[in-house]
Amino acid sequence: MPRWDAYQMPVDTGLFTPLGLQPTAVCRLGFNAAGRWLSEHALSHRRLVTEYRTGFVLWSAQLIFDEPVSFFDSDCLEMKVTGRIRGGGTQFECEVEVDSARGTTTRMQACCVPLRLDGDPALSGAPARLGPEVMEAFLPGEIEIRPYRSPTPGLRAAIVRDGTVLARRRTPFVIHRHQCEVADQWYWPEAVSLASGGREELVRVESGRVPGLRLALSTPLRRLDLLFNRPFFLFDEGAVLSSALKWQGRLVFVHELVGIEGGEARALAIEQFTLPPEHAWN
Amino acid sequence: MMVRVSGALLRFTDYRRVISVAAPTVEAALTRLADEYQPLKPVLFDREGRVRATHRIFLNGEPLKPEQLTRPAGDADSVDLLLAISGG
Numbered sequence: 028m029p030r031w032d033a034y035q036m037p038v039d040t041g042l043f044t045p046l047g048l049q050p051t052a053v054c055r056l057g058f059n060a061a062g063r064w065l066s067e068h069a070l071s072h073r074r075l076v077t078e079y080r081t082g083f084v085l086w087s088a089q090l091i092f093d094e095p096v097s098f099f100d101s102d103c104l105e106m107k108v109t110g111r112i113r114g115g116g117t118q119f120e121c122e123v124e125v126d127s128a129r130g131t132t133t134r135m136q137a138c139c140v141p142l143r144l145d146g147d148p149a150l151s152g153a154p155a156r157l158g159p160e161v162m163e164a165f166l167p168g169e170i171e172i173r174p175y176r177s178p179t180p181g182l183r184a185a186i187v188r189d190g191t192v193l194a195r196r197r198t199p200f201v202i203h204r205h206q207c208e209v210a211d212q213w214y215w216p217e218a219v220s221l222a223s224g225g226r227e228e229l230v231r232v233e234s235g236r237v238p239g240l241r242l243a244l245s246t247p248l249r250r251l252d253l254l255f256n257r258p259f260f261l262f263d264e265g266a267v268l269s270s271a272l273k274w275q276g277r278l279v280f281v282h283e284l285v286g287i288e289g290g291e292a293r294a295l296a297i298e299q300f301t302l303p304p305e306h307a308w309n
Numbered sequence: 057m058m059v060r061v062s063g064a065l066l067r068f069t070d071y072r073r074v075i076s077v078a079a080p081t082v083e084a085a086l087t088r089l090a091d092e093y094q095p096l097k098p099v100l101f102d103r104e105g106r107v108r109a110t111h112r113i114f115l116n117g118e119p120l121k122p123e124q125l126t127r128p129a130g131d132a133d134s135v136d137l138l139l140a141i142s143g144g
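If you read the sequences in order, they're chains A and B.
Heads up: the first sequence begins at 28 in our numbering, then just goes up one per residue.
Heads up: the second sequence begins at 57 in our numbering, then just goes up one per residue.
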């Protein structure tokens, strides 16, 4: 059985919106929790980078939000985290649960791809299987041969195929340093912030024409799926291409984060909001 | 030729994004660039002096393979230098 860690995280107002936990905050807490687990049970993130020339880049993540957690519920969040190797050393997967005093839970499952770092100051690297010196830090029950399969491509295909498009919006952005990690590469939770910003711009501009879009401001996010193809770096320019759709009784936003050069999206974010049954679309 | 530097490499060129370099080939331009901006040298080249495989280099928008870096280039040409991925 994989080892789990449990600990408390004091709340502050910046972790929340009026509707619940900030999705970006959950990603940041979750990534930090995974680093904590690695440090406790395997090798710290710093040692992995500096001594083992091993980095991790996030490839895919899913966040599922139960009933919303409020800032006013309790002094602390209950964090639980575990990690495991998958795909014979080609993936590191972590599971994080954020529990509130009311018993509601936010779950994050994230899969990283290991990089073999080249050893230069830019921390450049290429995807590679984890070395045996890293693998041996994990218990047999934490090494799974079966690879993690991201559900995000299939989810997008189903939404695009069966959904009804309500509105679209393009929101440009530039990556600045406060959005980056140690290598001047975007810190992946920023994708969630950029997607959320794209959604809110779409709702702000289009909700006069499609009033039902306001549900994406007045109800909490229920599910978030992420997929990363290529990073953005410092001062890279891009845009969030947001589409709002009605799909299987839900209000769904598909966000493609593209560079100004065009081509394949560098990241994909899919947000799902559950509609009240009585809601009528205009 | 004009060498365009972006993203994670900017801190090694004192945040200059477009740098004019006089050189007969792409490879020579990268060497001169690294001579002018010393912090860039270990980022761009490995210990054997080869361009690290983690970089993507484009000549007038065309991606170059390592063996194509000796391709001649002149004043009117532009080279884009990108880091494919970092492992921070």
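Some hints here could point you the wrong way.
[As the list claims (entries may be wrong)] Among the chain A residues that face chain B by a calculated CB cut under 8 Å, a handful are: (1) S151; (2) A210; (3) G239; (4) L242; (5) P258.
[Unchecked claim] Quick list of the computed label-pair ranges, beta carbon to beta carbon: (6) A:R257 / B:D133: 22 to 28 Å; (7) A:G146 / B:D133: 16 to 22 Å; (8) B:D133 / A:T40: 49 to 55 Å.
[What the hints assert, rightly or not] Heads up, simulated SDA-like pairs for lysine to any residue below, C-alpha to C-alpha not over 25 Å straight-line: (9) B:K121 / A:R257; (10) B:K121 / A:R204; (11) B:K121 / A:G115; (12) B:K97 / B:R73; (13) A:K273 / A:Q89; (14) B:K97 / A:E208; (15) B:K121 / A:Q275; (16) B:K121 / B:L138; (17) B:K121 / A:D145; (18) B:K97 / A:T77; (19) B:K97 / A:R80; (20) B:K97 / A:K273; (21) B:K97 / A:E78; (22) B:K121 / A:T77; (23) B:K121 / B:Y93; (24) B:K97 / B:R60; (25) B:K121 / A:I287; (26) B:K121 / A:R134; (27) B:K121 / A:N256; (28) B:K121 / A:P95; (29) B:K121 / A:Y79; (30) B:K121 / A:V209; (31) A:K107 / A:P95; (32) B:K121 / A:P148; (33) A:K107 / A:R74; (34) B:K97 / A:Q89; (35) B:K121 / A:G289; (36) B:K97 / A:R143; (37) B:K121 / A:R293; (38) B:K97 / A:F262; (39) B:K97 / A:E291; (40) B:K97 / A:P154.
It is worth saying that the hints were derived from the structure and are not from the lab.
Beta carbons are placed, not taken as given, at the ideal position from N, Cα and C, and that holds for glycine.
How the hints compare with the structure:
For S151 of chain A, the suggested interface contact is upheld, since its CB lies about 4 Å from the closest CB of chain B, less than 8 Å. With a least beta-carbon distance of about 3 Å to chain B, the hint placing A210 of chain A at the interface is held under the 8 Å criterion. Because the closest C-beta pair between G239 of chain A and chain B is about 39 Å apart, greater than 8 Å, the hint is violated. The criterion of a C-beta within 8 Å of any C-beta in chain B is not met by L242 of chain A, whose closest approach is roughly 37 Å, and the hint is violated.
With a cut of 8 Å, the hint placing P258 of chain A at the interface with chain B holds, because the nearest CB-to-CB distance is about 6 Å. Between R257 of chain A and D133 of chain B the CB atoms are about 25 Å apart, so this pair conforms to the stated range of 22 to 28 Å. Distance hint check: the CB atoms of G146 of chain A and D133 of chain B are about 31 Å apart, inconsistent with the given range 16 to 22 Å. For the pair D133 of chain B and T40 of chain A, the supplied restraint of 49 to 55 Å holds, since their beta-carbon distance comes to about 54 Å.
Only pairs whose Cα atoms come within 25 Å are accepted, and K121 of chain B paired with R257 of chain A is accepted, the gap being roughly 20 Å. Note on K121 of chain B and R204 of chain A: the hinted pairing is violated, with a Cα-Cα distance of about 31 Å set against a maximum of 25 Å. Between K121 of chain B and G115 of chain A, the direct Cα distance comes to roughly 30 Å. Violation of the 25 Å bound is thereby established for this hinted pair. Taken as a hint, the K97 of chain B and R73 of chain B pair is honoured in the structure, with Cα atoms around 16 Å apart against an allowance of 25 Å.
For the hint pairing K273 of chain A with Q89 of chain A, the CA-to-CA distance comes to about 20 Å; that is within 25 Å, so the pair holds. Between K97 of chain B and E208 of chain A, the direct Cα distance comes to roughly 22 Å. Compliance with the 25 Å bound is thereby established for this hinted pair. Annotation: proposed proximity of K121 of chain B to Q275 of chain A is violated, straight-line Cα distance about 47 Å (limit 25 Å). A hinted pair counts as satisfied when its Cα atoms are at most 25 Å apart, and K121 of chain B with L138 of chain B qualifies at roughly 13 Å.
For the proposed pair K121 of chain B and D145 of chain A, the alpha carbon gap of about 18 Å is at most 25 Å, so the pair holds. Between K97 of chain B and T77 of chain A the alpha-carbon distance is near 20 Å, which keeps this suggested pair within the 25 Å criterion. In summary, the hint linking K97 of chain B to R80 of chain A is supported, as the alpha carbons are separated by about 19 Å, within the 25 Å threshold. Straight-line distance between C-alpha atoms of K97 of chain B and K273 of chain A comes to about 52 Å, which puts the hinted pair past the 25 Å bound.
Proposed proximity of K97 of chain B and E78 of chain A is supported: the alpha carbons are some 22 Å apart, at most 25 Å. Our distance criterion of 25 Å between C-alpha atoms is broken by K121 of chain B and T77 of chain A, whose separation comes to about 29 Å. Restraint check for K121 of chain B and Y93 of chain B: the C-alpha separation of about 23 Å stays at or below 25 Å, so the hint holds. Our distance criterion of 25 Å between C-alpha atoms is met by K97 of chain B and R60 of chain B, whose separation comes to about 16 Å.
Pair hint K121 of chain B plus I287 of chain A holds up; C-alpha atoms about 24 Å apart against a cutoff of 25 Å. Among the hinted pairs, K121 of chain B with R134 of chain A is inconsistent with the structure: their alpha-carbon atoms are about 43 Å apart, more than 25 Å. Proximity of K121 of chain B to N256 of chain A is assessed by CA-CA distance (about 21 Å); at most 25 Å being required, the pair is judged to hold. Between the alpha carbons of K121 of chain B and P95 of chain A the distance comes to roughly 51 Å, so the proposed pair goes past 25 Å and is violated.
Using a Cα cut-off of 25 Å, the hinted pair K121 of chain B and Y79 of chain A is violated, with the two alpha carbons roughly 28 Å apart. With a C-alpha separation of about 28 Å, the suggested pair K121 of chain B and V209 of chain A falls outside the 25 Å cut-off, and the hint is violated. For the given pair, K107 of chain A sits about 18 Å from P95 of chain A by alpha-carbon distance, which is consistent with the 25 Å threshold. Restraint check: the Cα-Cα separation between K121 of chain B and P148 of chain A comes to about 23 Å, which is no more than 25 Å; the hinted pair holds.
At roughly 23 Å between alpha-carbon atoms, K107 of chain A and R74 of chain A fall within 25 Å of each other, so this suggested pair holds. Of the supplied pair hints, the one linking K97 of chain B and Q89 of chain A is violated, its CA atoms being roughly 40 Å apart against a limit of 25 Å. Distance hint between K121 of chain B and G289 of chain A is fulfilled; the C-alpha atoms sit about 22 Å from each other, no more than 25 Å. A distance of roughly 20 Å separates the Cα atoms of K97 of chain B and R143 of chain A; the hinted pair therefore holds under the 25 Å criterion.
Of the supplied pair hints, the one linking K121 of chain B and R293 of chain A holds, its CA atoms being roughly 22 Å apart against a limit of 25 Å. Distance restraint check for K97 of chain B and F262 of chain A: the Cα-Cα separation of roughly 22 Å lies within the 25 Å cut-off, and the hinted pair is therefore satisfied. A distance of roughly 31 Å separates the Cα atoms of K97 of chain B and E291 of chain A; the hinted pair therefore is violated under the 25 Å criterion. Note on K97 of chain B and P154 of chain A: the hinted pairing holds, with a Cα-Cα distance of about 23 Å set against a maximum of 25 Å.
The structure is inconsistent with the numbered hints 3, 4, 7, 10, 11, 15, 20, 22, 26, 28, 29, 30, 34, 39, although it conforms to all the rest.
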